[in-house]
Amino acid sequence: MTTKFSEGVVAESKRNYIKKLALQGTRIDGRGFDEVRPIKIKTGFIKRADGSALVELGDTKVLVGVKIEPGEPFPDTPNMGIMTTNVELVPLASPTFEPGPPSEEAIELARVVDRGIRESHAIDLEKLVIEEGEKVWVVFIDMHVLDYHGNLFDACGIAALAALNDAIVPAERFEVGEDFKLPMNHYPVPVTFAKIGEWIVADPNLDEESIAKARLTVTTSEEGKINAMQKGLYGTFTYEEVKKVINRSLSIGQKVREQILGGADGEEN
Amino acid sequence: MTTKFSEGVVAESKRNYIKKLALQGTRIDGRGFDEVRPIKIKTGFIKRADGSALVELGDTKVLVGVKIEPGEPFPDTPNMGIMTTNVELVPLASPTFEPGPPSEEAIELARVVDRGIRESHAIDLEKLVIEEGEKVWVVFIDMHVLDYHGNLFDACGIAALAALNDAIVPAERFEVGEDFKLPMNHYPVPVTFAKIGEWIVADPNLDEESIAKARLTVTTSEEGKINAMQKGLYGTFTYEEVKKVINRSLSIGQKVREQILGGADGEEN
Amino acid sequence: MTTKFSEGVVAESKRNYIKKLALQGTRIDGRGFDEVRPIKIKTGFIKRADGSALVELGDTKVLVGVKIEPGEPFPDTPNMGIMTTNVELVPLASPTFEPGPPSEEAIELARVVDRGIRESHAIDLEKLVIEEGEKVWVVFIDMHVLDYHGNLFDACGIAALAALNDAIVPAERFEVGEDFKLPMNHYPVPVTFAKIGEWIVADPNLDEESIAKARLTVTTSEEGKINAMQKGLYGTFTYEEVKKVINRSLSIGQKVREQILGGADGEEN
Amino acid sequence: MMGMKSDIKLIDDNGLRIDGRLPNQLRPIKMEVGVVKRANGSAYIEWGGNKIMAAVYGPREAYPKHVQESDRAIIRARYNMAAFSVDERKRPGPDRRSVELSKVISEALTSVVFVEKFPRTAIDVYIEVLQADAGTRVAGITAASLALAHAGIPMRDLVVGCAAGKVDGVVVLDLNKEEDNFGEADVPMAILPRTGEIALLQMDGDLTYEELTNAMEMAMDAAREIYKMEIETLKSAYRGDDDDN
Amino acid sequence: MMGMKSDIKLIDDNGLRIDGRLPNQLRPIKMEVGVVKRANGSAYIEWGGNKIMAAVYGPREAYPKHVQESDRAIIRARYNMAAFSVDERKRPGPDRRSVELSKVISEALTSVVFVEKFPRTAIDVYIEVLQADAGTRVAGITAASLALAHAGIPMRDLVVGCAAGKVDGVVVLDLNKEEDNFGEADVPMAILPRTGEIALLQMDGDLTYEELTNAMEMAMDAAREIYKMEIETLKSAYRGDDDDN
Amino acid sequence: MMGMKSDIKLIDDNGLRIDGRLPNQLRPIKMEVGVVKRANGSAYIEWGGNKIMAAVYGPREAYPKHVQESDRAIIRARYNMAAFSVDERKRPGPDRRSVELSKVISEALTSVVFVEKFPRTAIDVYIEVLQADAGTRVAGITAASLALAHAGIPMRDLVVGCAAGKVDGVVVLDLNKEEDNFGEADVPMAILPRTGEIALLQMDGDLTYEELTNAMEMAMDAAREIYKMEIETLKSAYRGDDDDN
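Residue numbers (this note's numbering), protein chains in the order written: chain D, 1030 to 1298; chain H, 1030 to 1298; chain G, 1030 to 1298; chain Z, 14 to 258; chain L, 14 to 258; chain B, 14 to 258.
These are calculated hints, taken from the structure and not from any lab test. Do not take every clue at face value.
[Said to hold, decoys possible] Quick list of in silico lysine-lysine cross-link-like pairs, DSSO-like style, CA-CA up to 27 Å: (1) K22(B) <-> K1156(D); (2) K1242(D) <-> K1273(D); (3) K1069(G) <-> K78(B); (4) K1242(G) <-> K22(L); (5) K43(L) <-> K103(L); (6) K103(B) <-> K1156(G); (7) K1043(D) <-> K50(Z); (8) K190(L) <-> K1156(H); (9) K1071(G) <-> K130(B); (10) K1242(D) <-> K22(B); (11) K1242(G) <-> K50(B); (12) K1048(G) <-> K130(L); (13) K130(Z) <-> K1048(H); (14) K1069(H) <-> K43(L); (15) K78(B) <-> K1048(D); (16) K130(Z) <-> K1076(D); (17) K130(B) <-> K1043(D); (18) K78(B) <-> K78(L); (19) K22(B) <-> K1043(G); (20) K1242(D) <-> K78(B); (21) K1164(D) <-> K103(B).
All figures in this text were calculated on a predicted structure; none of them were measured in a lab.
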């Protein structure tokens, strides 16, 4: 499966064309190397969810619904809420996705988004205790991919963050107090890069992904901290390349974060 | 899988022969269009079950065992027992059945039988409470297909009803009072029709099923109410056809019901 | 799968060679018919386990780890601990093992080892009660096959026994009293025989297994009792052969038992 | 499903329903095609509180090979609910209900596609329920039919889904969630509007013959209305009103 | 399984068993062939409280292809218990016990079929335990052997299953459920009666060498009796006494 | 994983770690090849409390066929933890973590093998964690690389795994279990020592740019040390010092 997901079959001519463009400092869709595709965010799209966001990153489309339900804490963290992430690569979204249990791609995606949120302590889990050791809020982050045109790491990460930021803890529905906004500490944003020949471009689209030899996702917070990294594919990076990518991810991530926090297109109807 | 179950490969000549017979108002096994194959019912066949029935519908053979055990009620129905149905299309019964988890055919079958029983309130679930909100009787209806020669919907529905009607709630075994007959409110009977060319015949056998383009099951109660319907296969029905089928199912269902309630061949040994 | 595990493809010439050797009273690796391959036992190999043993039987290598955790007793044995066995035929150990859920070979292996231990009452389960009816010790015996060169029944059985004999019940870790040695009543040892042509040899290696037509495992205790038998493969045994095999298993088992109990190479580092 | 007892009054003294509708009134419906660029055809429908997306891939080689039919395409519909589409989070993956619905939807769609034109292929129809509000199967098959048309799959008609049922003793069209939970019967249907043929028909509950035929007629009448919306949606798409495919 | 403690006295003062049998007495056995018309061969057995059906399909092309053997048929027995066959409802589907039994039964049946006559094929043998009362595997293999014969599969002998064991310190034949639950040992066997060859042999419990050999001899003697019933059942079927196949 | 609160002091007043190591000091490492005779290549590594075995099978025909690549071998690494390898018994079989690790290890190993030499084949790399003590993925990939070399698979370099991280505010090399549980960040890496290329890189926790680059440099420096042990281990094996393969 591994090879089908991120490689595909792009004609050699397209590969050469993309590399030729890179020599001239541009990309197949006209973007600069650090330019992210247009981002559209529609929060509150799913009323049955406690928070939701429909995100378009170029033509890639991801819907995230957050459900928050009471549950038992883990024995070793009796005074903390629980978060859990899941990605569904439903076959509606791409001819290369198949029905069935989560593929290794879906699992990697979910875990990378999970680490970004978890390691930055984005959600203030300590405020999600209903009764210490007995009952805490469980935050389910379900990412439903609806149209796959490259770079699901960033699309899912952005949509998850927007949906969390939209979420209300439904205390009234479960008769444990008043509803409150899901408490957030940090806003981690993943930025993914693809290495194509000698060049490294941000937010690769499907064509770029299909010929990339290496991928690197760096998740950074609004404080300029690095919270998660994940290298993928069969190629390698030099240490110098990694350092540059981290720096680029910090500045790109900052812009994306502003858009998530400020630029949401607002609630639908 | 879908196509293998109900279509099979019947020679074109058999198809023509069946249609030619239909023109003359008869069927490959000599039956009239509304004539159901002979039904044999043997209740009490499985002593380890709390109710059971071995039913033959022509050559089709189904064994249903009912087990009744204490369990927790669903949170939204604290004062009702629980019923659950399962069909096993074991590979012993047909060269087209395969070992493994329930096929979509088995699931559809179980759910159609389930709806007939559930929606008619056949079992008086309110009398199956041991302790409100804590402990109720769970009725497991397990349908084991033993020889497949067409029309499992009716064979399973008849056998399930006969087995329920045979069932004793084993209160003594679980030390919660005296045994009592499983309380029944209604006796829903499914009747299935196949559309072959222009004709619609009741209780299709394997040959008829294999060339039918559409199927309709109508489950009706002794009060003349309709409790469940399920259309299947790739063809369509006109509204006039559906109305006639419903009427036919009411009268055929009535006869079958009498046989289930009165005509059981009695307990074995 | 069945055929791949125990038959393999051994050239006809090897088959003939092995039979020719048997005529001369010897075997492909020079052993006598009742001679078991060298056994090496290293207990305490896994510090995270409560008992462990790395066993080599010739080139066959099995690592058994015993974990002991509190759990609920079975309703019908409220005053007994619980034992459970599992074999993992990980694909690291042989080109014929595949990843995935336990194969039928793994299940048979685990169940035969389990029966030897369980039926001889090797573990004193009555001493593994923490609170009657509420909490007992659960003994997990996990057998991890690391190199497969024939006769896993004996290698697993020996390693399981050595690991149990090495095991400490970790009462202190769970704050229910003082640690104590896992109480053992008996020391059942399986001895496996393969029938090759007319000859029956103990502890078959991979070459012998691959051409054997029948297999018989006999598990005996230090009291000379028989606790478990399992015949396998497509051939048959005569009654006379079975009787001889049982007798041979008693004397071979006794020698192996001495090595397990006395001859362990001692704790590693 | 049907027949849970409740004190909720589903029809008020003026004969109006809990959401203010008349017995034979549909909920608001919005349709759009071309929502999944990656697919050969796609559609999105909002129907009351339902939000459902459908996409079509194919005709493409059917895999694994043993599912191929030598003389026709197979249609494989997959009805799936997002984890967050319902009140209590649903475990991802198919349950028994979605397996059954996938089967009857596959069969209904097969009745309308010229499957004999594409032997050995599969036409995969994926229906994702993003938000559920009763009637998802009929809304889903309607979206699926639009997606098939948008993919240019030759069909002898569109398929239109619509349900009717009974609540508080009254036969009503197009049940919403409360009516579905506490009503007395539901009759989901899918029809081919040109000929009136019935391609999908299920029913559960407790109905007399008269109630059932009333309900069916109500659903079939409404289906013809919905058909017009389908046609209009496809026309707009081809005119390029709201779709850049 | 074996060795649960109990106060139940399994052998009375007259040396009789809980169901009145002598130590070396079989439970009542009834056999019938031709019970599954859809199959190539089939049989039904009642043995004490056991009710077991077996059916044979094949030789037919083995699928998936990689399981095929180029020089012989593979025999795939599947032992399965109905959910209602035991006291506490059993979850449908194979558990570890039924996987093991399917394996040893497959191996035992292979020893008697002329598998080399049908290369690349599978002969599928399905054993359904409808009601269980101890000794299901030996009753099941007996039914399977009848079904193979009824299917006309060439075999060098029939296979006959029978078990013996020990209860209350006494070696006894053919344990029933209580004896199996509270006894001290069980030795299920399957033999080829013409030659006395042993095709299936398992044992669990606690036996001396003498007890074990006594038990085995007892089972083998009884198997020869059961063999006669098998032959008689097949003869009647071919005479058409109770079977219309 | 990272960031659980605790009162444990992970760095003492002398700047030493809980196991007495300096910040940039590796745990003891032992390596051996040829430990699985049945495999084409194998290796065993002890690294702190980690005990890990790796074996290589292939290049062999890739099965099922649809996973084959026409122009190269596929590398399928499978990272698996034994049930008894961790404090609380782990249910056997892959969990989400091991699926992810198997994927990134597969990708990292692919970067170094001359896969184009073996079209249509699979090279299977099995990594069994027998005892876990933090850093299993980097120890595992190191063992896997040794096993590939031992199997004679042509590679443009060995792969060496090593991690660094942060505990009690200090950047440290090669975290042990307590440091992993209660520390602030972990950066597992795998590099190709000859060129310094990075084949595996993950990170979780909370680090500034300076801390992260310090950690990466520390891990890369240590990897060059470990590389020497790898070379020495392979040389000894070929000299026959401790291996009879």
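Quick rundown of the hints versus the structure:
1. Straight-line distance between C-alpha atoms of K22(B) and K1156(D) comes to about 26 Å, which keeps the hinted pair within the 27 Å bound.
2. Only pairs whose Cα atoms come within 27 Å are accepted, and K1242(D) paired with K1273(D) is accepted, the gap being roughly 17 Å.
3. Straight-line distance between C-alpha atoms of K1069(G) and K78(B) comes to about 41 Å, which puts the hinted pair past the 27 Å bound.
4. With a C-alpha separation of about 42 Å, the suggested pairing of K1242(G) with K22(L) is violated against the 27 Å cut-off.
5. Restraint check: the Cα-Cα separation between K43(L) and K103(L) comes to about 25 Å, which is no more than 27 Å; the hinted pair holds.
6. Our distance criterion of 27 Å between C-alpha atoms is met by K103(B) and K1156(G), whose separation comes to about 25 Å.
7. Distance check on the hinted pair: K1043(D) and K50(Z) sit about 20 Å apart at the alpha-carbon level, within 27 Å; holds.
8. At most 27 Å may separate the alpha-carbon atoms for a hinted pair to count; K190(L) and K1156(H) exceed this at roughly 33 Å.
9. Of the supplied pair hints, the one linking K1071(G) and K130(B) is violated, its CA atoms being roughly 41 Å apart against a limit of 27 Å.
10. For the hint pairing K1242(D) with K22(B), the CA-to-CA distance comes to about 42 Å; that exceeds 27 Å, so the pair is violated.
11. Among the hinted pairs, K1242(G) with K50(B) is consistent with the structure: their alpha-carbon atoms are about 25 Å apart, no more than 27 Å.
12. Among the hinted pairs, K1048(G) with K130(L) is consistent with the structure: their alpha-carbon atoms are about 26 Å apart, no more than 27 Å.
13. At most 27 Å may separate the alpha-carbon atoms for a hinted pair to count; K130(Z) and K1048(H) meet this at roughly 26 Å.
14. Only pairs whose Cα atoms come within 27 Å are accepted, and K1069(H) paired with K43(L) is accepted, the gap being roughly 21 Å.
15. With a C-alpha separation of about 32 Å, the suggested pairing of K78(B) with K1048(D) is violated against the 27 Å cut-off.
16. Between K130(Z) and K1076(D) the alpha-carbon distance is near 42 Å, which puts this suggested pair outside the 27 Å criterion.
17. For the suggested pair K130(B) and K1043(D), the alpha carbons sit about 25 Å apart, so the restraint of at most 27 Å is met.
18. About 13 Å separates the Cα atoms of K78(B) and K78(L), which keeps this hinted pair within 27 Å; it holds.
19. Annotation: proposed proximity of K22(B) to K1043(G) is violated, straight-line Cα distance about 64 Å (limit 27 Å).
20. About 24 Å separates the Cα atoms of K1242(D) and K78(B), which keeps this hinted pair within 27 Å; it holds.
21. Distance check on the hinted pair: K1164(D) and K103(B) sit about 25 Å apart at the alpha-carbon level, within 27 Å; holds.
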